[in-house]
Structure formats: structure tokens, C-alpha cells
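Sequence lines, in order, name chains A and B. Heads up: the first sequence at position 35 corresponds to 35 in the working numbering, and the numbers run straight through without jumps. Heads up: the second sequence at position 325 corresponds to 325 in the working numbering, and the numbers run straight through without jumps.
The hints are simulated quantities; they were obtained by calculation from the structure and are not laboratory data. These numbers come from a predicted model, not from an experiment. A few of these clues could be false.
One copy or two, it doesn't matter: identical chains are merged, so the pair holds either way.
To be verified - Calculated pairs, DSS-like style, for lysine-lysine (alpha carbon to alpha carbon, straight line, at most 27 angstroms):
(1) K257 x K105
(2) K56 x K338
(3) K109 x K36
(4) K36 x K148
(5) K105 x K36
(6) K338 x K48
(7) K337 x K36
(8) K72 x K109
(9) K135 x K228
(10) K4 x K72
Protein chains: 2
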Amino acid sequence: MKWKCNHCGFEANAFSEYHWRCPRCGEPLDLVYDGKLEKTSSKNIWEKYGDTIPLKPEKTRREGNTPLVAEKIDGMTLLFKLEYLNPGGSFKDRGSALAIYYAYKSGFKSVIEDTSGNTGISVALYSRLYGLKTKIYMPKTAPPGKKKVIKALGAEIIEAPTRGDAAEMVLKEALTGAYYVAHTWNYFYIIGASTIAWEVLEEDVPDYVISPIGSGGLFLGLVKGFEKALEAGWITKMPRFIGVQGYSTQPVYKAFKGVTQPGEDSSLADGIMVPNPPRLNEIVNALHKYQGDVILVGNTEILRAWRELWELGFLVEPTSASIYAALEKIKNQLSGKKVLLVLTGSGLKTIPDI
Amino acid sequence: MKWKCNHCGFEANAFSEYHWRCPRCGEPLDLVYDGKLEKTSSKNIWEKYGDTIPLKPEKTRREGNTPLVAEKIDGMTLLFKLEYLNPGGSFKDRGSALAIYYAYKSGFKSVIEDTSGNTGISVALYSRLYGLKTKIYMPKTAPPGKKKVIKALGAEIIEAPTRGDAAEMVLKEALTGAYYVAHTWNYFYIIGASTIAWEVLEEDVPDYVISPIGSGGLFLGLVKGFEKALEAGWITKMPRFIGVQGYSTQPVYKAFKGVTQPGEDSSLADGIMVPNPPRLNEIVNALHKYQGDVILVGNTEILRAWRELWELGFLVEPTSASIYAALEKIKNQLSGKKVLLVLTGSGLKTIPDI
């Protein structure tokens, strides 16, 4: 397993050194590894895919192996992947299980991250399992509920005046030798998301994949997962990929379409409000390569979709509903198709008001 | 499939009539059915166990198939069954998937229940899937968070001044022809809990089973599940069963031991505060038959156990922690043993304060 920068060509052995981004040019780093994709029946996804990917975590809370629910709605077959039923309440657990095990194996004693969301919960959960000290840098204004969850998982919270201050503080501490998870850059989160694609394909084969895009880790992980499955002969053609962003933060839409739409002050889908995705070019290339598209959704649409998902029995958070809002806008084109919808995060942290 | 009263001998065809308790003597009703237990690899537990149990629900949110996490702690091998990762956040979903499908197949148009807890969420979720109108009777004092979840799932909430009033109101409405779920009596919740035992046995074989006892549906379901597995040759002997109650409400302890312990005003484990379990005798008989025991735990012990479970990465509610508190009290006797701990409900609804 080695780090590789696709921008400047930098390479390094990932078992002997850790970089959260390219030390030469500052771009995101990929992990390059060999590995054949094969079907097994284990419920532990690291036993299942451990020969495919470069690490087999020693500790697991049985992340992954989440339900796939098929429903025929409006002439489509919707395949809902219930990622919010992961042990930490989101798909991030797949990446954290890898990223934190890597930190432990590499000899780090402490883990730091700047986030206030699902990644913070997930990082806190897995760090504790390996006995690593964890500090999560959060803006003062972060939701108290999420802070309580992160603290209850045994992590320390450092409050910063703003989100920007939190980022600065974590970078300063990263220089002292702590493992900076940097999940929006960290390739392990992309590998984690690929396991979602493989699980889905063991049950069904979608024609379309609809995914929220924040930093793009989920989106790129799905793309790479399907690519690997194509290579292994599990499928004969790639699905088409639809990315979803909010009107409030549309960097991928802008880069893909060359225009922007009128913005909104804030998005209910706070999980995808990432103004500068580190892998923007890669996301846009994948969208072009697989005849993809980007759909923007607004708060009113997200709210309606969120309620509809709850009434379908899917207890998700608003970010997860953004893809269902997007589906509503394009469903006429998808009649007769199988559409994969990855429901990313638990709504029990954020119960909707009626 | 027929109803059978083990008290007075009443029997009736369960496909043609519904009784929430024995219409002759008022005791709880069992369901009697044939069915061989066989191993299959499906992820849909109704495909998996549909030939064993009397109903195969048409609608599923992929309840069940929950993670089993093994951890060596204090010389024991603990098998944590993560039932809080069910789609509605608790093991109740297994029973509701059956009980509500039964209501639908039997032609009921509306479903009523008196509960403020996990069952309310679970009943609301599955009723909506079948288009059944749902009313949940709750005391005014029930937690606002749980009310919000139940409403967001599309159910109507009827507030009663007290828990007792809620029970009276639901009984009055049951006379008008609605399906009264009566989960503390309803045998489908026992069958649902049996599927937990079967899933566990496909991965590992515990020497001990520790389960909270409220109405006893989970406890009895586990006992019957292991009995069925013994009959099918999956295991060669039954595990020992430990039931857990709070000092605040100790009917099973009293009936089993013949004494009570000094009480507490209220229990953090609100899910097991059931003063009159309808199947009390059956619970006590099973405890005697399988060399079982009942352990009482208090609020301080539950709170400590709850925090420990969170730090182990199990995001559960306090009721689920009662069994871990009980384990602490008897762990010296369990050295070298495999102990199954069923973690019943999600803690994301009730995040602990630090």
C-alpha cells in the first residue's frame, strides 16, 4: 500500500509514513493497492473484503453489512441503502474503522479532527476502541446534541470561536505529531465508501446511483467501488452517477456545469456544505466519464423529502433526504430503472419538528 | 396457526380471529404453529425464518440481521447483540413487523396502542407501511422526543392525563374494532425475539444469556428461540438465563425469590418498569427450568454501565445498560464463559449528559 499523488506524482510507502495531503504539492493523496474482489458470506466486512483492500481492522463494531430495502415507487425500483444503521449512525464508520486502525498500527497515540458532524462521532468511537486520545475541534456554535454524543464516546472537545479557527487550531496541533484524520482528504474514507458499492452488488444491480456530494468521499468511493466490481466481472457496465448539492453550497455544480444557481442562506443538508472539496477535479471527471449529472436542491424540497422518507420508515437526517429531493426532480427520466439511494446518517440525533 | 390459552385451554384459528388476550379467562394467548428451523444465508430474516414461523411479512425495512460483536472483557467472552441498530431503533421492530402485518392481513384498518416508548415508534413505522391509521395513547408526561419521532412517522398521538388513563382509553377504543397491539401480551413479539436467538446461534453459542425483563417478551422469546434451536439440533444444551430488573419495579424478582429488595423511586431503565407482566408465571417457570436467576440493578449502577457501554462504542439507551450493570455484579461467576448481552434500544434518542 502506497500513497500516490495524481497531481505531482509523489509516492511513499503508506505503512511507514502518514501524510494527510501531498507533502510536495498539497493535493489530496490516493492509496494504491492490489487486491482481488471476491464474494464471501461473512457478516464482518473486513473479513469479506480484507483481501481486496489494504487493511483488516483488528477492532470492529460490525460497521457495514447494512440493510438494502427495495421499493417500487412511481415506476422506479428504488434501492435504499440504510447506512444510517451503522454503529455510529452514519456511513462514516466504514472509513473511520480503517483510518483509525491505520493510525493505531502506525504508532500514533492521539487523533485529532476538525468536524462537528457524523465524522466526529465516528472518529471518537473508533479511536476509543484502540485507546487513542482524541480531540475534536469544533466551533462554539456546533449543535449541543452532537457535542454530547462525542463527549459520551470519550473524546475531548476543543471549542473554537469559528469553523475557520477550528481548522487553524487542528493544523497547528497536527505539527506536534498527532494523527490528523482530515476526513475530507483521507483516502481511507473513499475505500470505506467502496465497500457500500460491493455490498449492494451482492444483492442487486442499480442502473443509477444518487449520492450527496460534500467533500465527495462517498461519491468517489461509490464510483471506485463500481469500477472495481466491473473489473472483477461482477457487472458488465457502470451505472450512471447523480451527485446532489444544496443551493447554499454548489462548487461541484459550478465546476461541472460552468454556471451557478441563485443561492440560499443555509442548507438543511449541513453535511454537504463543503465549499472547497479537495478532490473537485476528480469528482467532475467521474461525472463526465459516467454520463452523470449534478442536481441542486433547496431547503423546502429537502424538508418535504425528509418527511416523506420518515413516513416510508427511514429515520434519516436532512442531508440524507437531499438525494430523495433530487430524485423527485428527475424521476420522469428514471421510469423503469433501478436507482440506488444511499441514506447516509441517522435522524434520531435530529428529530424533525412537526 | 392458532391461538392457545395455556391457562384455560381456549383455542381459536388465528387466521380468522384476533384476540389480544384470552376471551374466556383473560390470560395471555400463545400462538401455536409448526415449522422446521433451517439455516439459510438470506439477509431478509423473513425469508430466512419464514418457514419456521407462521407469517412472512410483505413489507420489511430489513429489521433483524443485526451485528454480533465479540469482546473479551474480564476473562469472559461477551457477545453483544446490537438490536438498537434495527430500523426503528430497537428490537421491537422484529415483533412489530409480524404483529402489524398480521393486523393488515386480518383486514383491520386501524391500529391502536398505549405506550410511550420504543414500541410506539416501531408500531407507527410498520403501520404506515401498510397504510393503516395509527393512534398511540400516551400520558401527557411522556418524553417530547419520543412524541416527535412517533408523529414524524405519521401516527396520531392521543394524550391522556396519566399512564392509567391511556390504558383505559385504548381499551375503550379496542371495543370499536381497531387492532389493539397490546405488545406486552402479543405473542408476535415473542416470536420476533426468538429470531434474535437464531441469528446469534448462526454465529456463536453462548453459555449464558442476560436479558432485561419488563413484560418479558424479549426474555421469553429468547428462551423459546433457544428451545427451538435445541429441538433442531443447532445446540446440544440450553444456555442459562439471567433476567434483569430495576430496584424500582421488581415483580419477577419477587415471584422468583419470594422476597423484595428496598425500592428506588424511579429507574433509569424506564423500558423495564412493568409492574404486572402478563406472563409472569411463564417467566418464573423458565428461570427455574434453566437454572436462571434475576438480578436487580439501581440507577447509579445503570448510569455507570451506560457510560461504559458508550465508551465501548455501543450507543444504547439506559434500559439496555441495565444488563451490563447486572453483569458487573456476577462476573466473578462467569469467568471463561460466553455471555450473550442483547442491547435493546438506541441511545441517540436519549443522549447522556456528561
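Hint-by-hint comparison with the structure:
1. For the identical chains of this complex, K257 and K105 are neighbours neither inside a copy (42 angstroms) nor across copies (50 angstroms), given an alpha-carbon limit of 27 angstroms.
2. Taking the shortest alpha-carbon separations for K56 and K338, only the inter-copy value of 25 angstroms comes in at or below 27 angstroms, while the best intra-copy value is 32 angstroms.
3. For the identical chains of this complex, K109 and K36 are neighbours neither inside a copy (32 angstroms) nor across copies (52 angstroms), given an alpha-carbon limit of 27 angstroms.
4. Taking the shortest alpha-carbon separations for K36 and K148, neither the intra-copy value of 41 angstroms nor the inter-copy value of 47 angstroms comes in at or below 27 angstroms.
5. When the C-alpha separation of K105 and K36 is checked against a cutoff of 27 angstroms, the pair qualifies only within one copy, where the shortest distance is 23 angstroms, while the shortest distance between copies is 47 angstroms.
6. Taking identical chains as interchangeable, the C-alpha atoms of K338 and K48 lie at most 27 angstroms apart whether they share a chain (25 angstroms) or sit on different chains (24 angstroms).
7. Taking CA atoms no more than 27 angstroms apart as the test, K337 paired with K36 passes in neither setting, with 29 angstroms inside one copy and 38 angstroms between copies.
8. Within a single copy, K72 and K109 get their C-alpha atoms only as close as 49 angstroms, which misses the 27 angstroms cut-off; across copies the closest is 23 angstroms, which meets it.
9. In this assembly of identical chains, the alpha carbons of K135 and K228 never lie at most 27 angstroms apart, being 35 angstroms within a copy and 48 angstroms across copies at closest.
10. Proximity of K4 to K72 under the C-alpha cut-off of 27 angstroms is found in neither arrangement, the shortest distances being 42 angstroms within a copy and 38 angstroms between copies.
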